[in-house]
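> With the sequences and hints as input, model every part of the structure.
If you're matching them up, the sequences are chains W and A in order.
For the first sequence, the positions run 1 to 122 when our numbering is used.
For the second sequence, the positions run 1001 to 1122 when our numbering is used.
Bear in mind the hints are in silico, worked out from the structure with no lab data behind them.
Ideal placement from N, C-alpha and C gives every residue a C-beta, glycine not left out.
Looking from chain A toward chain W, a few residues come up when the C-beta cut is under 8 Å (computed): (1) ASP1021; (2) TRP1099; (3) ILE1107.
Protein chains: 2
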Amino acid sequence: MSYDVYDSECPARAVLDHVGDKWALLVLHRLSQGSTRFNALRRDIPGLSQKVMSQVLKRLERDGLINRQAFPTVPVTVEYSLTGLGECLTANVGPLLRWAEANMEQIKAAQSAYDARVVEAA
Amino acid sequence: MSYDVYDSECPARAVLDHVGDKWALLVLHRLSQGSTRFNALRRDIPGLSQKVMSQVLKRLERDGLINRQAFPTVPVTVEYSLTGLGECLTANVGPLLRWAEANMEQIKAAQSAYDARVVEAA
DNA sequence: ATAGTTGGTTACTAATAGAAACTAGATGAC
DNA sequence: GTCATCTAGTTTCTATTAGTAACCAACTAT
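Okay, structure coming up:
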């Protein structure tokens, strides 16, 4: 059976909803650098609130992209890591992030030019 | 000057907000297959409303990823196409969509297993 | 006349994102 | 003793966004 992301009934659309998410992309990329605990992840990704992070982690775990492992320490520590499937995905996410970093100057220039055009038209 | 997507003040974060968007990914991928008009794009991507599409296209145009060209036909037709920058980006988006399509079976299995575990725990 | 085409915008509502406070159970500082 | 801090979250509330449906102008074909 094959899937087509353009089909709105396709379950791949649901996955794209998770993968095509700024926080999920950042979390996956961070985990590709090694297993990380909840709060460490939060410190590494400023701006991501505890609530949203907990939601993102649950979705990614449900999709089989990350593992959640709780250790009975005091206080309990929880470690998140990529599954094989997740690793396979992050191989495709890395280039996207590197592209964003590498092409920022061009994008900022395009935005300024666009804004100037809009102001002129108004 | 270099950028770091983990920095919440980094403008690359703003771009990631646009790129890390399910509709933007689909639109960019569709345009990588050739220039397309507004309504044709809408027909090709079922589930994407006119309002959201118009917003997505404006953001992508502002970021310098797509061109908007209006022809003075009757009624006016508008053609959207990738810029050089956009083409460069979609080279990284394609693999992501293909990954989603290729790994759906595994993801669905993971979701079922997760849901079964959650029900059992409840 | 009426329906259909083009590319949008507007108004309204439902869902989500985000900020801030709170939980519990144990440890360390004063 | 008690106050602050660590852990990993949850809860509550509000602000933003996503989505649905209707509407717009200008024109064509029936």
